[in-house]
Amino acid sequence: MALLKTLQVRPGQRVLHIGLHTGAWATLLAHRGATVTATTTDLARIGSVQDFVDHHELRVQVEAADARAGWPPGAPYDAIIALDDGVQEIPGRWTQQLRPGGLLLAHCELAPGAGNPATLVRGTAHELTGTFCSFPQTVTGTDRSGEPFPRTTDSASRRTTAVPPMPWRDDRIVWVLAHLLGMPAAVRTGLLVPPDRSVPTGVLSTPDGSWAEVADLPGPDGTWPVTESGPTRLWSLVEEAFTCWHDHGRPPWEHFQLSYAPGHQAVTLTGHRGLRWSRDSPESAWNTPET
Numbered sequence: 001m002a003l004l005k006t007l008q009v010r011p012g013q014r015v016l017h018i019g020l021h022t023g024a025w026a027t028l029l030a031h032r033g034a035t036v037t038a039t040t041t042d043l044a045r046i047g048s049v050q051d052f053v054d055h056h057e058l059r060v061q062v063e064a065a066d067a068r069a070g071w072p073p074g075a076p077y078d079a080i081i082a083l084d085d086g087v088q089e090i091p092g093r094w095t096q097q098l099r100p101g102g103l104l105l106a107h108c109e110l111a112p113g114a115g116n117p118a119t120l121v122r123g124t125a126h127e128l129t130g131t132f133c134s135f136p137q138t139v140t141g142t143d144r145s146g147e148p149f150p151r152t153t154d155s156a157s158r159r160t161t162a163v164p165p166m167p168w169r170d171d172r173i174v175w176v177l178a179h180l181l182g183m184p185a186a187v188r189t190g191l192l193v194p195p196d197r198s199v200p201t202g203v204l205s206t207p208d209g210s211w212a213e214v215a216d217l218p219g220p221d222g223t224w225p226v227t228e229s230g231p232t233r234l235w236s237l238v239e240e241a242f243t244c245w246h247d248h249g250r251p252p253w254e255h256f257q258l259s260y261a262p263g264h265q266a267v268t269l270t271g272h273r274g275l276r277w278s279r280d281s282p283e284s285a286w287n288t289p290e291t
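If you're matching positions, the sequence shown starts at 1 in UniProt numbering and goes up one per residue.
What the hints contain is simulated information worked out from the structure, not anything from laboratory work.
Where is the CB? At the ideal position from N, CA and C, for every residue including glycine.
You may find that some hints are simply not true.
[Unchecked claim] Label pairs and their in silico Cβ distance ranges:
1) GLY271 to SER198: 36 to 46 Å
2) LEU191 to ALA285: 23 to 33 Å
3) GLU57 to SER278: 43 to 53 Å
4) PRO262 to ARG151: 52 to 62 Å
5) PRO194 to ASP42: 36 to 46 Å
6) LEU191 to SER157: 51 to 61 Å
7) PRO11 to PRO282: 16 to 26 Å
8) SER281 to THR124: 35 to 45 Å
9) ASP170 to SER198: 30 to 40 Å
Required output: the full structure, derived from the provided sequences and hints.
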């Protein structure tokens, strides 16, 4: 319901739903009076979903197409929905197929696994501006878990931290900020559970051999044991992000503004001491925050 409220779909509008799954969202949008085009690469589902919507006389057309291609024959659209997979850069074809003033609801990621759904409005040119949405969503297509990278042989440092151990799962705003502040995009996250299932441990690792472990059991003083090593102090970046978030009043998702234009992306944290980061492509690093 939060998704439908965000879209504010009105009768007669044209909507492109990228990613079909069960066809439930396309059906709900059609019930709101929209004319819906749904695309999918799952050819086995097209026939059954199309038969269902035809039987119920819903204005839904299902097409086989790659997600990044959109569906030009139905353009321009009043709204485009793309929540199946996270995108670090909005495909230009989506923007071209959205009418000026049209709404894009997409899972926007600053790095794989670091993002949330966002609502973006197309301007008169091919630029998009908007904010992250308050409702969370997990996108499995960009999960950064897996086998940890090989570790550096350098000696590890041990200390305690006031930051909870798994921000990629529990404090995702902090995780987004960590990437804006320099967390390597290739970081892998994980959870180690001992054979005796005693104290699980959150794990970070990167290709340069850096790693960090934080036990998911606070001590009497409310801090967690952390161990890290390697040229990139991964948990220190998480702590920096947590401090940034706290110092700016623990802002919610809606305080993070996004903008996309061909060859440029930016994130602005609004507030009494706003910050702004930008970069020219998903492969480049976010710049030092500007105040």
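We went through each hint and held it up to the structure:
Separation of GLY271 from SER198 is about 41 Å and conforms to the stated range, judged on CB atoms against 36 to 46 Å. Look at LEU191 against ALA285: about 28 Å separates their beta carbons, and that is inside 23 to 33 Å. Distance hint check: the CB atoms of GLU57 and SER278 are about 48 Å apart, consistent with the given range 43 to 53 Å. At about 40 Å, the CB distance of PRO262 to ARG151 disagrees with the hint of 52 to 62 Å.
Evaluation of the 36 to 46 Å hint for PRO194 and ASP42 yields a pass: the beta carbon distance comes to about 39 Å. LEU191 and SER157 have their C-beta atoms about 22 Å apart, which leaves the hinted 51 to 61 Å range violated. Checked against the given bound of 16 to 26 Å, the beta carbons of PRO11 and PRO282, roughly 37 Å apart, lie outside it. Separation of SER281 from THR124 is about 24 Å and departs from the stated range, judged on CB atoms against 35 to 45 Å.
Hint check: ASP170 to SER198, Cβ distance near 20 Å, so the stated range 30 to 40 Å is violated.
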